[in-house]
Amino acid sequence: MVLKVSASFMASLPGQFVMVRMRNGDDPFLSRPFSIYSAYSRGNDTYIEILYKVVGKGTEAFSRLREGDILNILGPLGRGFDIPSTCKKIALIAGGVGIAPLSFLAERYGEDIRGMEILCYMGAGTSESLAGLDRLEDLCSGVKISTDDGSRGHHGPVTELFKQDMDLYSDDDIQLYSCGPNPMLMSLQELLKDRPFACQVSLEERMACGIGACLGCVVKIKSGETGGGLVRVCKEGPVFDIYSVEFSEYNG
Amino acid sequence: MNVKMTVDIGGLTLKNPVMTASGTFGYGEEYSDYLDLDRLGAIIVKGLSLKPREGNLPPRIVETASGMLNAVGLQNVGVRAFIDDKLPWLRSVDSVVIANIFGETIEDYANVAEILNDAEGVAAVEVNISCPNVKRGGITFGSDPAVAEEVTRAVKSVSRLPVIVKLTPNVTDITKIARRVEAAGADALSLINTITGMSVDIEKRVPHLKNVTGGLSGPAIKPVALRMVWEVVNTVSIPVIGVGGIMNARDALEFLIVGAKAVQVGTANFLNPGVTADIIDDMERYLSEKGIDDIHDLIGTLKV
Numbered sequence: 056m057v058l059k060v061s062a063s064f065m066a067s068l069p070g071q072f073v074m075v076r077m078r079n080g081d082d083p084f085l086s087r088p089f090s091i092y093s094a095y096s097r098g099n100d101t102y103i104e105i106l107y108k109v110v111g112k113g114t115e116a117f118s119r120l121r122e123g124d125i126l127n128i129l130g131p132l133g134r135g136f137d138i139p140s141t142c143k144k145i146a147l148i149a150g151g152v153g154i155a156p157l158s159f160l161a162e163r164y165g166e167d168i169r170g171m172e173i174l175c176y177m178g179a180g181t182s183e184s185l186a187g188l189d190r191l192e193d194l195c196s197g198v199k200i201s202t203d204d205g206s207r208g209h210h211g212p213v214t215e216l217f218k219q220d221m222d223l224y225s226d227d228d229i230q231l232y233s234c235g236p237n238p239m240l241m242s243l244q245e246l247l248k249d250r251p252f253a254c255q256v257s258l259e260e261r262m263a264c265g266i267g268a269c270l271g272c273v274v275k276i277k278s279g280e281t282g283g284g285l286v287r288v289c290k291e292g293p294v295f296d297i298y299s300v301e302f303s304e305y306n307g
Numbered sequence: 091m092n093v094k095m096t097v098d099i100g101g102l103t104l105k106n107p108v109m110t111a112s113g114t115f116g117y118g119e120e121y122s123d124y125l126d127l128d129r130l131g132a133i134i135v136k137g138l139s140l141k142p143r144e145g146n147l148p149p150r151i152v153e154t155a156s157g158m159l160n161a162v163g164l165q166n167v168g169v170r171a172f173i174d175d176k177l178p179w180l181r182s183v184d185s186v187v188i189a190n191i192f193g194e195t196i197e198d199y200a201n202v203a204e205i206l207n208d209a210e211g212v213a214a215v216e217v218n219i220s221c222p223n224v225k226r227g228g229i230t231f232g233s234d235p236a237v238a239e240e241v242t243r244a245v246k247s248v249s250r251l252p253v254i255v256k257l258t259p260n261v262t263d264i265t266k267i268a269r270r271v272e273a274a275g276a277d278a279l280s281l282i283n284t285i286t287g288m289s290v291d292i293e294k295r296v297p298h299l300k301n302v303t304g305g306l307s308g309p310a311i312k313p314v315a316l317r318m319v320w321e322v323v324n325t326v327s328i329p330v331i332g333v334g335g336i337m338n339a340r341d342a343l344e345f346l347i348v349g350a351k352a353v354q355v356g357t358a359n360f361l362n363p364g365v366t367a368d369i370i371d372d373m374e375r376y377l378s379e380k381g382i383d384d385i386h387d388l389i390g391t392l393k394v
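Read top to bottom, the protein sequences are chains A and B. The opening residue of the first sequence carries number 56 in the numbering used here; numbering runs sequentially from there. The opening residue of the second sequence carries number 91 in the numbering used here; numbering runs sequentially from there.
Honestly, the hints are just simulated from the structure, not real lab data. These numbers come from a predicted model, not from an experiment. Do not take every clue at face value.
Taking lysine to aspartate or glutamate and the DMTMM-like style, the derived pairs with C-alpha atoms no more than 20 Å apart in a straight line are [unchecked claim]:
{"hint": "1", "chain 1": "A", "residue 1": "Lys290", "chain 2": "B", "residue 2": "Glu144"}
{"hint": "2", "chain 1": "A", "residue 1": "Lys112", "chain 2": "B", "residue 2": "Glu293"}
{"hint": "3", "chain 1": "A", "residue 1": "Lys290", "chain 2": "B", "residue 2": "Glu120"}
{"hint": "4", "chain 1": "A", "residue 1": "Lys275", "chain 2": "B", "residue 2": "Glu144"}
{"hint": "5", "chain 1": "A", "residue 1": "Lys112", "chain 2": "B", "residue 2": "Asp291"}
{"hint": "6", "chain 1": "A", "residue 1": "Lys290", "chain 2": "B", "residue 2": "Glu119"}
{"hint": "7", "chain 1": "B", "residue 1": "Lys141", "chain 2": "B", "residue 2": "Glu197"}
Given only the sequences and the hints, what does the whole structure look like? Please build it.
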């Protein structure tokens, strides 16, 4: 979905999100958080894109929108991905619509940083649900695909596909970025136990406000330099170091 | 027309009757990018306890029909960290700051209230009596008239600030509680807190909230809140602050007409962080259009 927004959205960083709400009515009641998929200006106008899959009441309502409809949008919000200056090679590991912030990252930084190689591992349920593939093929030096039903690419989870390539990378030159369903992020965390590559993940949680007030979106972070405990995905995140996240049954 | 919006609540003078409800407005600063906080009648901060509290495990919120359930579990930085880390910033805001307090025992309530006596910039305390009393098997303080009275008396006996008591709607007869809390010396009442509710995931057959039950808020509870405010204003003589499902000025005006002297806006802040400024503007416009030059000429004018 392409949204015409105020010029302030040009400051959007990959990994940041927006809260979107239907203008009228109380059903669906709450705003929905979406990662920013792209942000750009054309002439005097600024646009952002979000990527969504119809999973519930909120996204179903979005699917019925027509061109020209008006939505309430708040953003850009949260802390985006951090790109270390020493980084030479990036691997994006995406599950489903989790591709959105990673595609934005490739778009924003791919051209800026000369000589950086961006590879993408993209997983989805079926070949039809590989949203955003064409764009990624333009942005990345290589895209590898997996599907749960085997209809395209590797038959199985995207983490399995990444595992096959792990030996090609070395700890000091690769930075991983990932976004997708929590079970996928959990298996990635498990996979990285033996090969602790730097890895940032963008998490998704139910939110009411998006600005740090409702305390609805907390996730458990292992105690460390930042203190740990239950922290807000909207404010301290949505991007976290994968090793700091304490995944468990409630967010898995 | 210049409309007088000022109201007095138990010794506090507010520039207008619009406050932010505790638990929906953080410690104020969270909203400063989206709203001129100087415009608010009062800011009621997130409930404070003696010690910091981490709150409940997630999931903590779920959307419901015209509302939401939350079981955040009173997560807060604790009263001392509030005074040291949050209050200095709030002092720069030209609005009245009210500290919402709660405890697990009656002594806790009194201790927190006492600590706040010396906190420069806190104009009043609002006592949340909707939490479980650990010494009495977890029964909510505010659901037993005698205990509600006892908590109020304990806070009043130590506090040098105006004391507002926030009532729970999860009772058989709210007027009984209101009467006892007034008798114990409360300077004002606010009502209602959230209504206890529940929601179930039918695929996994689990509650949507980790805590199983949570507090319902949003427009779904407004008719209940309005009815309870109506009952209470007809029972007590201290000022009543109306809370529950206020989304816009029309909702707020309903509470004022029924007899609330001020209102608190809660869940609506989540959907639009600038909503309170819109409510104040629209309220003023309504009064102006009706030829009412003092908001007191609207309060409690319900014709029945």
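Agreement of lysine 141/B and glutamate 197/B with the hint, judged by alpha carbon distance not exceeding 20 Å
13 Å, holds
Lysine 112/A and aspartate 291/B: Cα distance at most 20 Å?
With a Cα-Cα distance of about 14 Å, the restraint between lysine 112/A and aspartate 291/B holds, given a limit of 20 Å.
Quick one, are lysine 275/A and glutamate 144/B close enough, alpha carbons at most 20 Å?
Answer holds: lysine 275/A to glutamate 144/B is near 11 Å, not above 20 Å.
Within 20 Å, alpha carbon to alpha carbon, are lysine 112/A and glutamate 293/B?
16 Å, holds
Pair hint lysine 290/A and glutamate 119/B, alpha-carbon separation not exceeding 20 Å:
13 Å, holds
Would you check the hint for lysine 290/A and glutamate 144/B, treating anything up to 20 Å between C-alpha atoms as holding?
16 Å, holds
Lysine 290/A and glutamate 120/B were given as a pair; does the straight-line alpha-carbon distance stay at or below 20 Å?
10 Å, holds
Of the numbered hints stated above, none is contradicted by the structure.
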